[in-house]
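Note that the protein sequences, when read in sequence, are chains A and B.
Counting from 1, position 22 in the first sequence corresponds to residue 21 in numbering that gives the first Met the number 0; the numbering is continuous, with no gaps.
Counting from 1, position 200 in the second sequence corresponds to residue 199 in numbering that gives the first Met the number 0; the numbering is continuous, with no gaps.
Any given hint could be a false lead.
Given that identical chains are not distinguished, each listed pair holds provided it fits within a single copy or across any two copies.
[As the list claims (entries may be wrong)] Cut-off 30 Å, straight-line C-alpha distance, at most; resulting in silico cross-link-like pairs (BS3-like, lysine-lysine):
no.	residue 1	residue 2
1	Lys2	Lys35
2	Lys46	Lys121
3	Lys143	Lys46
4	Lys2	Lys120
5	Lys188	Lys121
6	Lys143	Lys120
7	Lys121	Lys2
Keep in mind that the hints were calculated from the coordinates and are not lab data.
Okay, here's what each chain looks like letter by letter:
Number of protein chains: 2
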Amino acid sequence: MYKLYDFLPSGNGYKVRLLLTQLGIPFELILLDILKGETRTPEFLAKNPNGRIPLLELSPGEFLSESNAILIYLSQGTEFLPLSPLEHARVMQWLFFEQYSHEPFIATSRFWLQHDMAETKKQALEEKQAPGYAALGVMEQRLKDHPFLVNDRYTIADIALYAYTHVAHEGNFDLSGFSGILQWIDRVKSQPNHILITDEAIGQDS
Amino acid sequence: MYKLYDFLPSGNGYKVRLLLTQLGIPFELILLDILKGETRTPEFLAKNPNGRIPLLELSPGEFLSESNAILIYLSQGTEFLPLSPLEHARVMQWLFFEQYSHEPFIATSRFWLQHDMAETKKQALEEKQAPGYAALGVMEQRLKDHPFLVNDRYTIADIALYAYTHVAHEGNFDLSGFSGILQWIDRVKSQPNHILITDEAIGQDS
């Protein structure tokens, strides 16, 4: 059985928990507290030299890191990852967009606000507003007239972007002007076997 | 023929130019000056709402953005992207590592230094040193006893990480303590049909 090393408030971890659950794949959840340095111990660095969760132990001693790489690995051959070269490429495009243009602004702001760093990070928080809203604007341009990010189907691109977008308000981003995104959030929530970011839910047969 | 919208000093653009050249795929290069806002014009934003190069026009009006998504698209079915699920996953892991843990520190430092922003960005440059060296440390841990990042073969993972690592000194990162990385740089340079970051080289049959 897969072992998932995770930190529950993490959207990056949530992506993997959500996909595993929607695929009906059972897994063992091993919770680490990143605030207490539990991902920077020698034991954990031996598993992932980059010292981050989520980390999926595929088989004893075989570890895969990077949330979006884990999504790709798990979704190969499933309906969550389109096979056609162009659709596949569009999924990849959104996954890299998420890690480069979205997560560092929206997720990081949420992390600081959740963990009482608003005062010490005041200026940095302000600087993340413009690029964060720019990322939401790119999503809105797609979602204002499409049901999902790639084609008309729910894929791992939606899972990856949903993770931090649906809690963007926790990072002081106001989604009220993004009607396409808001409707898409409802659409993602209504997918079979959806779980909440706070759920530890172990995958069940769907 | 593919059209590549690019900015020559960009390592992200270089990745795509290098792979296209090594695959022997001819392409038309369209150079834009990001310093003059040429990727933020209405015309360019209609092609890529995220306003970034590289951008590959696959066929008239069909655009693919995100350098690493382009690498994946172009390398499908070639020797540059392993097929086995685990090796494929490892390539993806390095590609996301590059965009999240490496590029924002090493490439951004280089960009600022290249474009005379060292004074205005002094503190930010300092803050990028530790995470940049951490990323190099993760690479070194792999490369100190392996010839390439995934398996014993040159893949798009090497192309993606090479792009900004081999010019890390231009971002004030000193590679002299990273002997594994330095040997790997030589190994990458010696691959067939290698081009330099400053080359406009149009792909030729290999």
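Evaluation of the provided hints:
1. Lys2 <-> Lys35: Close inside one copy (21 Å), not across copies (49 Å); limit 30 Å.
2. Lys46 <-> Lys121: neither (34 Å within a copy, 35 Å between copies)
3. Lys143 <-> Lys46: between (41 Å within a copy, 17 Å between copies)
4. Lys2 <-> Lys120: neither (34 Å within a copy, 42 Å between copies)
5. Lys188 <-> Lys121: For lysine 188 and lysine 121, neither the intra-copy (32 Å) nor the inter-copy (44 Å) Cα distance is at most 30 Å.
6. Lys143 <-> Lys120: neither (33 Å within a copy, 37 Å between copies)
7. Lys121 <-> Lys2: neither (37 Å within a copy, 43 Å between copies)
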